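Student: Throw the hints in and build the complete structure from the sequences for me.
Next come the chains, spelled out residue by residue.
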Amino acid sequence: MKKKLTYTQKLFSEFCAIMFLLIAFSCINRGKDFKDIFGQKYLEAEEYLDNNKWIKDSIAKCGVDPHLAISVVFPELIRYSAVKDLVETRGLEVLYTQYGSEYADFSIGRFQMKPSFANRLENDWNLLLNNLPLNCNIKPFELSDNPEARIQRLMRLKDEKWQVKYLAMFLKIINLKHKIDLNNISFLASAYNSGYWNDSIAIIEKGKRNFFYTGLIKSNEVYNYSEISEYYYKKNCRK
Amino acid sequence: MKKYLLAFTSVLLFSAISYSQTPSKENLYTLQSDETLAYSENCFSFSDNGRDIFIVVHGNNGYYTINNGVRKGPFKEMSESLLKPCNQNNNSCSVFEPNGSSDGVSFDEYLKTNDDGTSSIIFKGKEYGPFMALQSFQINSSKSIFVASTIDKDLSKKLIVSNGNAVPINGMVSRVYFSPDGSQYLIKLGFDYTAQNIDPTKINMDQLMSFTLVTSDGKKFGPFNGEKITESDIWYTQTTGNHWFLRNGDDLLLDGKPFMKMPENANRCDVWFSADCKRYAVTSYDKVKFSDNTIVPYPIITTLFYKDGKAYLRLITLENEKEINLYTKAL
Numbered sequence: 001m002k003k004k005l006t007y008t009q010k011l012f013s014e015f016c017a018i019m020f021l022l023i024a025f026s027c028i029n030r031g032k033d034f035k036d037i038f039g040q041k042y043l044e045a046e047e048y049l050d051n052n053k054w055i056k057d058s059i060a061k062c063g064v065d066p067h068l069a070i071s072v073v074f075p076e077l078i079r080y081s082a083v084k085d086l087v088e089t090r091g092l093e094v095l096y097t098q099y100g101s102e103y104a105d106f107s108i109g110r111f112q113m114k115p116s117f118a119n120r121l122e123n124d125w126n127l128l129l130n131n132l133p134l135n136c137n138i139k140p141f142e143l144s145d146n147p148e149a150r151i152q153r154l155m156r157l158k159d160e161k162w163q164v165k166y167l168a169m170f171l172k173i174i175n176l177k178h179k180i181d182l183n184n185i186s187f188l189a190s191a192y193n194s195g196y197w198n199d200s201i202a203i204i205e206k207g208k209r210n211f212f213y214t215g216l217i218k219s220n221e222v223y224n225y226s227e228i229s230e231y232y233y234k235k236n237c238r239k
Numbered sequence: 240m241k242k243y244l245l246a247f248t249s250v251l252l253f254s255a256i257s258y259s260q261t262p263s264k265e266n267l268y269t270l271q272s273d274e275t276l277a278y279s280e281n282c283f284s285f286s287d288n289g290r291d292i293f294i295v296v297h298g299n300n301g302y303y304t305i306n307n308g309v310r311k312g313p314f315k316e317m318s319e320s321l322l323k324p325c326n327q328n329n330n331s332c333s334v335f336e337p338n339g340s341s342d343g344v345s346f347d348e349y350l351k352t353n354d355d356g357t358s359s360i361i362f363k364g365k366e367y368g369p370f371m372a373l374q375s376f377q378i379n380s381s382k383s384i385f386v387a388s389t390i391d392k393d394l395s396k397k398l399i400v401s402n403g404n405a406v407p408i409n410g411m412v413s414r415v416y417f418s419p420d421g422s423q424y425l426i427k428l429g430f431d432y433t434a435q436n437i438d439p440t441k442i443n444m445d446q447l448m449s450f451t452l453v454t455s456d457g458k459k460f461g462p463f464n465g466e467k468i469t470e471s472d473i474w475y476t477q478t479t480g481n482h483w484f485l486r487n488g489d490d491l492l493l494d495g496k497p498f499m500k501m502p503e504n505a506n507r508c509d510v511w512f513s514a515d516c517k518r519y520a521v522t523s524y525d526k527v528k529f530s531d532n533t534i535v536p537y538p539i540i541t542t543l544f545y546k547d548g549k550a551y552l553r554l555i556t557l558e559n560e561k562e563i564n565l566y567t568k569a570l
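Line by line, the protein sequences are chains A and B. Letter 26 of the first sequence, counting from 1, is numbered 26 in our numbering, and no numbers are missing. Letter 314 of the second sequence, counting from 1, is numbered 553 in our numbering, and no numbers are missing.
Hints in this document: simulated from the structure, not taken from any laboratory. Predicted model, so just to flag it, every value in this text is computed and none were measured. Hints are supplied without guarantee of correctness; some may be wrong.
[What the hints assert, rightly or not] Partner residues aside, some chain B positions facing chain A, computed with beta carbon under 8 Å: (1) F430; (2) Y524; (3) I539; (4) L557.
[To be verified] Computed beta-carbon distance windows for the label pairs: (5) B/E562 with A/L43: 56 to 62 Å; (6) A/E160 with B/E562: 32 to 38 Å; (7) B/K496 with A/E142: 35 to 41 Å; (8) A/L43 with B/N481: 39 to 45 Å; (9) A/K139 with B/N532: 32 to 38 Å; (10) B/K496 with A/S144: 53 to 59 Å; (11) B/K500 with A/S144: 27 to 33 Å; (12) B/M499 with A/K158: 22 to 28 Å; (13) A/I37 with B/K500: 38 to 44 Å.
[Said to hold, decoys possible] Taking lysine to aspartate or glutamate pairs in the EDC-like style, the calculated list, with each CA pair at most 16 Å apart, reads: (14) B/K561 with A/E102; (15) A/K114 with A/D50; (16) B/K526 with A/E148.
Just so it is clear, CB atoms sit at the ideal spot from N, CA and C, and this is done for glycine as well.
Tutor: This is the structure in structure tokens:
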């Protein structure tokens with residue numbers, strides 16, 4: 001009996017050791033070291049999150065895993081750090097108000113969300129609102145395509161609290177739309193970056209391509225958006 | 240009596256007409272039928288005088304740059320080298336911000352620590368002090384005036400100004416606002432945690448958060464609620480000289496006195512006053528509205544410029560999706 005117990009214990013401890021190694025291995029980043037590649041911009045993005053703990057709290061209140069949500073937008077935080085002093089969007093905001101997103105669709109704020117992205121989220125939110133267990137106290141949106149509605153959308157997009165709400169909405173909607181494993185960070189990141197309204201195959205396909213850059217204009221130095229999200233997710237998975 | 244009334248009305252009407260001029264309009268460029276403004280993450284580059292224009296458009300064959308009417312291209316792809324640097328246009332905000340968002344200047348250049356542990360200020364070759372301690376030191380953007388708060392040996396606090404003034408103060412200097420020419424200033428005095436005889440059991444939150452304002456000519460205003468009125472609710476503007484503004488909820492105060500309601504949905508950058516503060520314009524996404532009810536719709540760029548000492552707003556618009564027009568109107 002004693003021998004049997006010892007054997008079971010041994011098996012258990014081996015299993016634990018393997019599990020530990022597996023978990024540890026999943027937290028070790030292989031491939032590119034994006035923290036090193038992006039340097040100061042990466043650190044600024046991390047610092048912003050450290051100084052704004054309310055973001056994770058707000059996301060969690062909507063029933064979304066904050067770590068997952070932050071990982072999805074982390075590449076955008078890096079980009080924002082790089083371009084924030086170069087971009088003056090006021091003129092584009094006016095053009096969007098005047099003519100709509102077909103004329104001017106541009107990235108706003110830390111999470112680099114576009115008006116067309118927000119508009120799609122609002123449409124889907126109104127459609128899916130009744131199927132969501134937690135609605136984060138977000139009421140149905142006014143969807144008219146007129147200057148007044150566009151101004152309201154712009155004001156939401158420029159408000160950090162609303163940016164976080166849009167992010168939580170994105171994760172809830174994509175879960176309902178694509179019925180995917182919510183731990184599939186690569187898919188989520190690609191969907192955020194390339195358009196969650198596309199079909200799954202297109203999202204997966206686009207996730208393999210490198211078109212993330214930190215300048216104003218696309219250069220030869222391009223990276224894979226999903227890889228950066230995954231890198232951040234794994235690097236911070238024990239925090 | 241009727242005569243006087245008529246004369247008074249005529250004067251009013253005349254002054255109203257003389258300022259309610261329609262803005263002048265000039266076409267800067269007309270987009271060709273296949274062209275749209277290239278907007279992807281770029282900004283439009285217009286010089287401060289509002290006449291030089293550099294834009295990027297996308298046509299059937301690629302990208303084109305248009306620099307003061309000279310069209311170059313097509314370029315298959317945009318590259319940074321094709322773009323003009325897009326400077327942040329400080330004129331697009333009416334607020335006077337001397338050094339970006341901060342007035343602060345390092346102490347080191349002006350501070351001297353004496354052998355006995357006291358401090359002195361050395362400014363333009365003149366020595367001020369010694370003081371037992373220096374609590375704050377702020378200087379205007381042209382570095383011609385400083386304002387410092389000091390503690391003397393008898394623990395009394397004073398405001399020392401480079402013109403030689405030394406004013407006793409009762410509070411902690413949290414911010415000094417300098418007027419655009421630096422000749423006037425406004426000091427925000429908060430609760431003094433270092434003051435003697437403080438009984439912590441008798442201090443409430445309102446006291447801790449409250450502040451007063453002291454002008455360079457010694458006038459005091461307040462106390463104000465520091466939770467409701469933050470540092471950005473107090474400002475000088477680019478166009479109104481030594482007049483200062485304070486926003487208290489919906490109310491706008493001019494030089495510390497009730498003035499007008501803050502225009503709806505406007506932030507402080509959006510309200511442009513004439514030098515005498517009698518006329519103004521409010522910018523928003525869908526229009527610029529002047530106080531004489533003139534409206535210019537959808538201004539892409541708003542810039543301020545001066546001609547013969549008078550302030551004008553220059554507004555660039557895109558009309559009918561093709562005409563890039565420039566409107567000019569005096570404030």
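Student: Per the CB criterion, is B/F430 less than 8 Å away from chain A?
Tutor: Check failed: Cβ of B/F430 comes no nearer than 25 Å to chain A, outside 8 Å.
Student: Under the criterion that the straight-line Cα-Cα distance not exceed 16 Å, is the pair A/K114, A/D50 satisfied?
Tutor: Violated - the C-alpha atoms of A/D50 and A/K114 are around 25 Å apart, more than 16 Å.
Student: Was the hint right that B/L557 lines chain A, CB cutoff 8 Å?
Tutor: holds, 6 Å
Student: Mind checking the hinted window 27 to 33 Å against the Cβ distance between B/K500 and A/S144?
Tutor: holds, 28 Å
Student: Given the proposed pairing of B/K526 with A/E148, does the C-alpha separation stay at or below 16 Å?
Tutor: holds, 12 Å
Student: Can you verify the interface hint for B/I539: is its Cβ closer than 8 Å to any Cβ in chain A?
Tutor: With a minimum Cβ separation of about 4 Å from chain A (threshold 8 Å), the hint on B/I539 holds.
Student: Assuming the hint says 32 to 38 Å, is it satisfied by the Cβ distance from A/K139 to B/N532 or not?
Tutor: For A/K139 and B/N532 the Cβ distance comes to about 35 Å; the hint holds.
Student: Given the range 53 to 59 Å, decide if the beta-carbon distance of B/K496 to A/S144 lies inside it.
Tutor: violated, 42 Å
Student: Go ahead and decide if the range 56 to 62 Å is satisfied by the Cβ distance of B/E562 to A/L43.
Tutor: violated, 46 Å
Student: Hint check: is the beta carbon of B/Y524 less than 8 Å from a beta carbon of chain A?
Tutor: holds, 4 Å
Student: Check the following: the C-beta atoms of A/L43 and B/N481 are separated by a distance inside 39 to 45 Å.
Tutor: holds, 42 Å
Student: Is the distance from the Cβ of B/M499 to the Cβ of A/K158 consistent with 22 to 28 Å?
Tutor: holds, 26 Å
Checked against the numbered hints given earlier, this structure breaks hints 1, 5, 10, 13, 15; the rest are met.
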